[in-house]
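Colleague: In case you want the letters, here they are:
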Amino acid sequence: MEQNSDVHVVAPEMAVSFFRSILPFNGLDDATLHDIARHCRVDFYPKGTRLFTVGETEITHLYLIQRGGVKAFIEDEQGVVTLKDFRGEGDYIGALGIIRGTLANLNIETVEDTFCFLLPREIFLNLVEQQSSFAHYYLKSFSEKVVATAYNELRYHKVSKRSGDDLYLFSVRVGDLVKKLRKVASDRSIQEAAAAMAEYRVGSLLVHDPEDEENVVGIITDRDLRGKVVAAGLDYQLPVKTIMTGPVQTVLSQALCFDVLLKMMATSIHHLAVERGGKIIGVVTSHDIMLLQGHSPYYLFKEIRGQQTISGLYILAQRIPEVIRGLIREGAKAGNITQMIAILNDHILERMLSLLEDELGSPPLAYCWLLMGSEGRREQTFKTDQDNAILYADPENEDQKEKAEAYFKVFAGKAIDHLVKCGYPLCPGEIMATNPKWCQPLSVWKSYFSTWINAPDPEELLNATIFFDFRSGFGDAGLARELRTYLNAQARQKDIFLFHLARQCMATRIPLSFFKNFIVNRDGEHKNQLDIKHQGLTPFVNFARVLALKFGISETNTLARLKALYDAEFINRELWASANDAYELQMQQRLIHQLSQMEKGGMPDNHINPEQLTDLEKRMLKDAFTVIERLYSVLDKMYPVA
Amino acid sequence: MMNLLNPGSWFGHPAPLLQANKKCFINFDQRRPLGEYTFVVCDTELTGLNKKKDELISIGAVMVRDLQIDLSSMFHCFIRPMNMDPTQATLVHRITPEQLETAEPLSEVLPRFVEYIHGSLLVGHHLPLDMHFLNKATRLVMGGTLSNPGVDTMRMAQGYKRVRLGHYHEHNPRTTSYTLDDLGREYRLPEFKPHDALEDALQTAYLFLYFIKKFRKGGLITLKDIFQSGRVGSFRY
Chain U
1 MEQNSDVHVV APEMAVSFFR SILPFNGLDD ATLHDIARHC RVDFYPKGTR LFTVGETEIT
61 HLYLIQRGGV KAFIEDEQGV VTLKDFRGEG DYIGALGIIR GTLANLNIET VEDTFCFLLP
121 REIFLNLVEQ QSSFAHYYLK SFSEKVVATA YNELRYHKVS KRSGDDLYLF SVRVGDLVKK
181 LRKVASDRSI QEAAAAMAEY RVGSLLVHDP EDEENVVGII TDRDLRGKVV AAGLDYQLPV
241 KTIMTGPVQT VLSQALCFDV LLKMMATSIH HLAVERGGKI IGVVTSHDIM LLQGHSPYYL
301 FKEIRGQQTI SGLYILAQRI PEVIRGLIRE GAKAGNITQM IAILNDHILE RMLSLLEDEL
361 GSPPLAYCWL LMGSEGRREQ TFKTDQDNAI LYADPENEDQ KEKAEAYFKV FAGKAIDHLV
421 KCGYPLCPGE IMATNPKWCQ PLSVWKSYFS TWINAPDPEE LLNATIFFDF RSGFGDAGLA
481 RELRTYLNAQ ARQKDIFLFH LARQCMATRI PLSFFKNFIV NRDGEHKNQL DIKHQGLTPF
541 VNFARVLALK FGISETNTLA RLKALYDAEF INRELWASAN DAYELQMQQR LIHQLSQMEK
601 GGMPDNHINP EQLTDLEKRM LKDAFTVIER LYSVLDKMYP VA
Chain D
1 MMNLLNPGSW FGHPAPLLQA NKKCFINFDQ RRPLGEYTFV VCDTELTGLN KKKDELISIG
61 AVMVRDLQID LSSMFHCFIR PMNMDPTQAT LVHRITPEQL ETAEPLSEVL PRFVEYIHGS
121 LLVGHHLPLD MHFLNKATRL VMGGTLSNPG VDTMRMAQGY KRVRLGHYHE HNPRTTSYTL
181 DDLGREYRLP EFKPHDALED ALQTAYLFLY FIKKFRKGGL ITLKDIFQSG RVGSFRY
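Heads up: the sequence lines are chains U and D, in that order.
The letter at position 408 of the first sequence is residue 408 when you use my numbering, and the numbering goes up by one with no holes.
The letter at position 77 of the second sequence is residue 77 when you use my numbering, and the numbering goes up by one with no holes.
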């Protein structure tokens, strides 16, 4: 019959527009879509219909949900049902079974009246073979391509366009910026070196061993000539090795400019030697990288460093979102962005506290400004509440004690006030240096941790978790290190304490039901939103914290903790990789969500409306949530209830 | 024009296609499970609703096999009306006068449709109206009428509501609408392009699938069960 002209060669518009709206079909041309649509069947399954049964159902078609939704679950011999997933409109069922040629590996049942398009298995397999996007989409839940697509989608659809699109921090590698290598032997005179710099018109020279030209031992810069030679009246005939800085800090030539910039900002070293294949090929300077872009984090960084008044910092702190926004546009990943935010915030804090010290006079005792919670983990987004404390050296006598208490009370009061004016809101839980409880000498801090660890009160512990993520923000980092060492020694293998932490972690339910509600949400009545921070990210943070404490890992950043756990083989590669991706993707989603709120003039929050997510974003989030289940099962094995 | 009317064939000698189709249903067994029948869900577009004067201008149909809509075998065509009023066609339907002028005449199109529905049950929304015009057309150009049993989705909807709401005695409550669009919204069917015979047929097919599977889940296994439960169909139109 199909040969007849009126047996239509054009697929119904309804079917084609459906395929056009879903991944990865939306990448296909119209002719292919029409062809695919014409090979489909449509079926209807009333609510409660079983579609697949594990190990029994042979999968003859790819099911694409047009209306309704299904749940995926497994059932053990005792009949205990574990829910694995909910899938709604635009989602698929059966792809892996078809690709692998296996029977169904999940039970599938409709939770709504459901209409599906059924694409014959052979046609689907052809698509997977011929369209690389199909293989990528269906084969790996977190294949790089999908991740990249997701990030692109986030960047281009959620962040509004602005000029200055042509930024290069994330595409240019430092190897491409390196200028011709200029060197001088370390036994040459300062004057000879300066003459060479003038001749080559460069601001720095690498210094090499006179015996071995390949052996770079240091670097001299314009600044050295100015500060160490001219200003100090040094003899120009001395060898350059007397003023050089060595050994020289290096970066790999394939490093991205962004990473190099981070390194420069974190270390305050502005000239780095670039290494390729074990050989130094040249120098890259902060100036070289700055030239790449206008709205650079580096300009802001320099302005913060050069600021002479505290009130001048207020306005600079407000410019951080603008810089971050540029980074997101350029395609920075969440891990990089939060690092950059942390560095910029740290510099604001550092500059502000140094100026405050100038104003109030030197502190009577060495102290360390501690950062807690997300600041401690270097995971702030925009406008994170202040979570800070002061840790000072133990006073030797009563007089010192009184002086310290008086000084730090005033110091903390002013500091917190300035931070508020910089745009960092007060902590509603009063975890701030102004709270006398959190402005204490080392011995008291040790006793706090000792109590939390050795006699844990679950209620109190719940509020104390953020203290375990402390790090030094300014001042004597040695004090923070000592506290960390003490904490690690106390916490390791303290099973009751870790048990409570682990159980608290697992108390956060996996937000899969978010998607269930999303499926049944028909007309936007249920304003069902996802709290991406508490439901999505916190489980990862908690998991990493429990294991870091258990195994004595000092890192506080969640991604760094996960990496350290993997490096020490406490978690396997697969789990590390999925957790890393899932966490970073959610961070990204959160950042972009907040950025777009701020651009609309609102206050940033963590509530994501599912209706604003694309299919791909939903899918990625869902994949991320399933990772939480795996984290929990690791914790559950370590700290079983019974 | 004369061959269109073909008077020789419409007195007692229906066209062979119609005879063959009729044979399929002589010993028609209603007691087989629903999945064993083939259904053709169809929709017609007309020049108007006057049963005497108006004619078919478009037929759209989709096949339901194994209780699934088979998008690979659809039927869609325009028909050049014998009395054409060019202003009328565009009013309701998205059919342009050009499309109708270049369309084939009924005598060409209809036999292909009869071949397409050979041996299948017909399904339509308010099917009697479609059947009236289809039978009028087959009598005209093929000398006989269609023997295919039919199922009316509008009657199915009424039956389904009666069963669900328990209103066995209250026939056709006037408060509810039974138009295709309203039913589609009520049962959350996907949206379709309106006033296109093929899209309307497809929308009817979704509705048909919805009801028949709901009925089946309720224990109505054979075609006879369906016919009896809601008096949703008929053997002759």
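Calculated directly from the structure, the hints in this document are not laboratory data.
It cannot be assumed that every hint is accurate.
[Said to hold, decoys possible] Computed cross-link-like contacts, BS3-like style, restricted to lysine-lysine with a CA-CA straight-line distance of at most 25 Å: (1) U:47 x D:214; (2) U:302 x U:179; (3) U:47 x D:213; (4) U:47 x D:161; (5) U:47 x D:217; (6) U:533 x U:446; (7) U:84 x U:600.
Remember, it's a predicted structure, so these values are computed and weren't measured experimentally.
Colleague: Now, for every hint given, state plainly whether the structure supports it.
Modeller: Each hint tested on the structure:
1. A threshold of 25 Å between alpha carbons decides the hint, and for residue 47 of chain U with residue 214 of chain D the separation of about 9 Å falls inside it, so the pair holds.
2. This hinted pair checks out: residue 302 of chain U and residue 179 of chain U have alpha carbons roughly 23 Å apart, not beyond 25 Å.
3. Between residue 47 of chain U and residue 213 of chain D the CA atoms are separated by roughly 11 Å; this keeps the pair inside 25 Å, and the hint holds.
4. Taken as a hint, the residue 47 of chain U and residue 161 of chain D pair is honoured in the structure, with Cα atoms around 17 Å apart against an allowance of 25 Å.
5. In summary, the hint linking residue 47 of chain U to residue 217 of chain D is supported, as the alpha carbons are separated by about 10 Å, within the 25 Å threshold.
6. Distance hint between residue 533 of chain U and residue 446 of chain U is unfulfilled; the C-alpha atoms sit about 30 Å from each other, more than 25 Å.
7. Between the alpha carbons of residue 84 of chain U and residue 600 of chain U the distance comes to roughly 37 Å, so the proposed pair goes past 25 Å and is violated.
Taken one by one, the earlier hints fail for this structure at numbers 6 and 7, listed in ascending order.
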